[in-house]
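Chemist: Single-letter residue listing:
Protein chains: 2
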Amino acid sequence: MTDWLDAVRWDAQGLVPVIAQEASSGDVLMMAWMNREALAQTAALGRAVYYSRSRARLWYKGEESGHVQQVHEIRLDCDADVLLLKVTQLGHQPGIACHTGRHSCFYLRWQPESGAQPATTGPAEGRWLSVEPVLKDPESIYR
Amino acid sequence: MTDWLDAVRWDAQGLVPVIAQEASSGDVLMMAWMNREALAQTAALGRAVYYSRSRARLWYKGEESGHVQQVHEIRLDCDADVLLLKVTQLGHQPGIACHTGRHSCFYLRWQPESGAQPATTGPAEGRWLSVEPVLKDPESIYR
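In order, the protein sequence lines correspond to chains A and B.
Using numbering that gives the first Met the number 0, read the first sequence as starting at 0 and increasing by one per residue.
Using numbering that gives the first Met the number 0, read the second sequence as starting at 0 and increasing by one per residue.
So that you can see chain A by itself, here it is in the shape it has in the complex:
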C-alpha cells in the first residue's frame, strides 16, 4: 500500500521540491528535495529525510549538525509536485535549519535602492540585505 507515493508527480530526475515550515512559528525554514525513498523514510521515521542533489544520496537532516527536523505533518499540493513539511527544528533553541547557523535559510531580504521610486519607469533597483542573526558559528556545528 504505497500508492500514496505513486500519487506524487516526481520530476524527470525523480525528485520534488520540499518546503520545511516550523510548526510553532509558521516560519519557512528551508527548501530541499526528496526522491521517493526520502519521502518513504520521512513518513516511516517521523523526521525529515531529503535527497541531496550535490551529494547524490539520502540526507538525514541533522546527520552531521544534530539539527534534526521532527515531522508533524506532510502536505502535498494541488498539482502533486510540491511537498510541505510542518516540523520542529531540534538540536538548538531557537531552532537552526540553515548551514550558516541561522534559524531560516531565507535570511536575505530584498531592499529597494534608497531614494528609488516604485519603478513604474524602469527596472527595480535594490540589493539583498542579511536580516537574520547567526545563532551558532557554523564551524562549531560541523566539526
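Just so you know, the hints here were simulated from the structure itself, not pulled from any lab data.
Honestly, I wouldn't trust all of these hints.
Because identical chains share one entry, a pair is satisfied inside a single copy or across any pair of copies.
Lysine to any residue pairs mimicking SDA-like chemistry, simulated, CA-CA at most 20 Å apart [to be verified]:
1) 135 <-> 93
2) 135 <-> 26
3) 135 <-> 32
4) 135 <-> 8
5) 135 <-> 78
6) 135 <-> 106
7) 135 <-> 90
8) 135 <-> 62
9) 135 <-> 87
10) 135 <-> 77
11) 135 <-> 99
12) 135 <-> 63
13) 135 <-> 64
The model shown is predicted, which means the values in this text are computed figures rather than measured ones.
Let chain A serve as the given structure and place chain B on it in line with the hints.
Modeler: Relative to chain A, chain B alone:
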C-alpha cells in the same frame, strides 16, 4: 544596477522555485517558478509575477482569477536558488491562492493507515486526505 538579479542562481532553464507565504497568517500558500524577468517585474510592481512553465510565459498571478498577490517582502535563501515572498492574497476574503478555490495549494495531508504502527518494520502506509475547504467554485473563478 540590477546586480541583485545576477545574485540569484538561476537553474539551467533560467528559473528558481518561489514560495508564497501569507504575511498575516504565516500560511504557505503555493510554490511556483520565476525567471529573471518575473522577479524584476515582481519587484517593480509589488505584486507576484511568476513564470508559467506550462504556458511558457510570464504569469501575472491573478490575471484571470483576480486573486492578485500583493508582495511585502522578497527573500532569498542561503544558496541563492530559492525565493520566498511574503504576500497578501487579494480578491477574496479569506484569500484564495489555489486554482481549486482553496486558501492554500497544500490541502492534501498525509494520513498514516489507521491501525498502522510507526513503521520501524516496513514501509509507511497511508493516504492523502483533503483537509481544506473549497472557498469558491473554480468555475466561478475562471469564467
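Chemist: Since the copies are identical, ignore which copy is meant and state whether residue 135 and residue 62 lie within 20 Å (CA to CA) inside a copy, between copies, both or neither.
Modeler: So residue 135 and residue 62 pass the 20 Å test inside one copy only (17 Å; across, 44 Å).
Chemist: For the identical chains here, do residue 135 and residue 26 meet the 20 Å Cα criterion within one copy, between copies, both, or neither?
Modeler: within (18 Å within a copy, 27 Å between copies)
Chemist: Treating 20 Å as the Cα threshold, decide for residue 135 and residue 78: within, between, both or neither.
Modeler: between (37 Å within a copy, 18 Å between copies)
Chemist: Since the copies are identical, ignore which copy is meant and state whether residue 135 and residue 63 lie within 20 Å (CA to CA) inside a copy, between copies, both or neither.
Modeler: Classified as within: same-chain Cα gap 15 Å, cross-chain 46 Å, threshold 20 Å.
Chemist: Check residue 135 against residue 77 for me: Cα-Cα at most 20 Å, and say if that holds within a copy, between copies, both or neither.
Modeler: between (37 Å within a copy, 15 Å between copies)
Chemist: Since the copies are identical, ignore which copy is meant and state whether residue 135 and residue 64 lie within 20 Å (CA to CA) inside a copy, between copies, both or neither.
Modeler: Answer is within: at 11 Å inside a copy they meet the 20 Å cutoff, but 45 Å across does not.
Chemist: First find the shortest C-alpha distance between residue 135 and residue 99 inside one copy, then the shortest across copies, and answer within, between, both or neither for a cut-off of 20 Å.
Modeler: within (8 Å within a copy, 42 Å between copies)
Chemist: Treating 20 Å as the Cα threshold, decide for residue 135 and residue 93: within, between, both or neither.
Modeler: For residue 135 and residue 93, only the intra-copy Cα distance (10 Å) is at most 20 Å; the inter-copy one is 39 Å.
Chemist: When no copy is specified for residue 135 and residue 32, does a C-alpha distance of 20 Å or less occur within a copy, between copies, both, or neither?
Modeler: neither (25 Å within a copy, 32 Å between copies)
Chemist: Checking residue 135 and residue 90: alpha-carbon separation at most 20 Å within a copy, between copies, both or neither?
Modeler: within (11 Å within a copy, 42 Å between copies)
Chemist: Cα distance capped at 20 Å. Does residue 135 pair with residue 8 within a copy, between copies, both, or neither?
Modeler: neither (37 Å within a copy, 26 Å between copies)
Chemist: Are the CA atoms of residue 135 and residue 106 at most 20 Å apart within a copy, between copies, both, or neither?
Modeler: within (14 Å within a copy, 35 Å between copies)
Hints 3 and 4 from the list above are not met by this structure, while the remaining hints are.
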